Amino acid sequence: MTVLLELKGVSKAFGATRVLEQIDLAVEDGEFITILGPSGSGKTTILRMIGGFTQPTTGSIVLDGRDIAADPINRRPFNTVFQDYALFPHMTVAGNVGYGLKVRGTAGPVIKQRVAEVLDLVQLGSFAARYPAQLSGGQRQRVALARAIICQPRLILLDEPLAALDVELRKQMQEFLKAIHREIKTTFLFVTHDQEEAIAMADRICVMNYGKILQLGSPTEVYYRPRSEFVARFFGDNNLIEGVVTAGGAVETPIGTLACASDDAALSTGAKAFAVIRPEAIRIGAGTGADTVVAGQVSRVSFGGAATVAVVDVSGVSLRVKLPSRAEGVSIEAGDRVELGWRAGDCRLVAA
Amino acid sequence: MTAKPIETDRIWRGVALTAAYGLPLFFILLPLCGFLVYSLFRVEGTELYYDLTLANYRRFFTDEIYIPVLRQTVVLCLEVAGLCIAFGYPVAYFLSGLKGRKKYTLLMLLLVPLLMSYIIKMYAIRSILGGNGFLNRTLIALGIIDQPLTFFVFNLNAVLLTLSVLLLPFAILPIFLSLERIPRNLLEASHDLGGSSRQTFFRVILPLSLPGVISAATFVFVLAIGDFLTPQMVGGQNGFTFGRIIYSQFGTAFNWPFGAALSVILAALVIVAIVIGTWFGGEKAAVRR
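If you read the sequences in order, they're chains A and B.
According to our numbering, the first sequence is numbered sequentially starting from 60.
According to our numbering, the second sequence is numbered sequentially starting from 1368.
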């Protein structure tokens, strides 16, 4: 993959408030990259900077070997899908979608044809004459997408475009966006605070907090191999067991010395750290393949649809264990004494 | 809690409702109906006859003075509305582009003239527009002209200029509000899609502020057409308007029924103007919801 766009040492401060600190990020051509972080993490600022709506305080944004950080918005080959769509209320769907071509001075018949093509692509072919006020949320979303792709931008910026939709529709739109991405092969930069959405859609996820990039990698990487406490906590209901790093690279915790894998070479002996274990990686019983086995008492079992979560008390530490649900119920119940086992590879070490 | 507070609540709601419907009814609708009835009476000599007749309306439509004056007044007020929009729009646009405190301070300053006495403002404008006024003297001092200009001295042009100056705030305010209501991200979207500032203005900002422009025009037109004091004070002999005719029927001719008939005709015209304005404004706004 070739690099399309590169952020180099980009910082942004609003007065004394530092929103972004020394961001380095290379967006690859054709990828679907998601910037994931809680509100206030600086993710939207990155998107707005690339779009040209705000300028970096320091650093450069490089496209085709040229710094475009100071270029005006309308000169950048990027288009944005805004959070609340920002459709022009006084224009029809066709007027909205064709706007980008119209301001470029494209001939009327060509606009008409392109609008029809793009509306077909987003499955809104029969809605061309409607006004945005006459559309549902999902339809407006697709108009916003059509409007952004019609000029064939090098990069499409999506600013939490699904946040306003209800869960079911959001799932559909995720599929839909992925399908469009595969179809038009344009680079997508998608900003969201929803980790499930990020995992479901992205080729790469860039996790941010407090204006810094904490981890950049494929969904499976950031999900299974967190490199920081924040990332470990952000992705679902990980078990984090606090302890101290031992000489052998294991971690000494209240429930025993746990063998862990780590990507963080900087963790020295004696440092405080967390052992991170995903609840679905823990098995009940000291079955085959378990490198670490601990014993505890089940304090509660709760049915949660596809998975049933058992909370097991191990020497005062509560561990969540995720089991596949069954109609007749899982094999354990509150009060049972159980052994829990997991493979050393499923236990990750992150700095505290 | 006992039932007592609820009882008091109901009484208060009753009072509020009575006031809300009663006050306009008593102070606006009833006098208007009074005028309507009065316009059907007649005067002969100095005597008022209370028999119902359409003679006053017949006189309006057959006499050759009234319709031309009304037409001339309508044209004048349309021009006033046009001037107010032409000058008010850029001001409102500039204001809405300002940030934070500055914006509202300037807006306040623009609205200060509304708090001043009408008469004082008029005298001030007279002293600017007169034959020997500030404007003429400045132009002479600058060597642009050597004789005082007369085209804005005590005639319809003076009325036009004065009304425009006086009513300008009424144009700025609705336009400013409609500009403020345009979501910023629409402008960002326009730029993002490649639109220049010019294109963004003409394709997004202007169309979306049209409801404000229409209500500004309606305001100014309605206020201007009902004004008789301004033409009276700066219009001189030539600056005759419909409002002045009505005034003279009440004030000098003592023909109240005929004055009332002319007033009813003017009121009908104003209502038509407001309905047209609302209809157009509503048409534009309906799309936005």
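What the hints contain is simulated information worked out from the structure, not anything from laboratory work.
Note that the structure is predicted; figures quoted are calculated from it, not measured.
Mixed in with the good hints, there may be bad ones.
Label-pair ranges, simulated between beta-carbon atoms [to be verified]: (1) A:GLY184 <-> B:LEU1573: 55 to 61 angstroms; (2) A:ARG189 <-> B:PRO1480: 41 to 47 angstroms; (3) A:ALA238 <-> B:LEU1573: 33 to 39 angstroms; (4) B:LEU1478 <-> A:SER185: 34 to 40 angstroms.
Built from N, CA and C at the ideal position, the CB exists for glycine as well.
These are the hints, each one checked on the structure:
no., hint, result
1, A:GLY184 <-> B:LEU1573: 55 to 61 angstroms, "30 angstroms, violated"
2, A:ARG189 <-> B:PRO1480: 41 to 47 angstroms, "45 angstroms, holds"
3, A:ALA238 <-> B:LEU1573: 33 to 39 angstroms, "38 angstroms, holds"
4, B:LEU1478 <-> A:SER185: 34 to 40 angstroms, "49 angstroms, violated"
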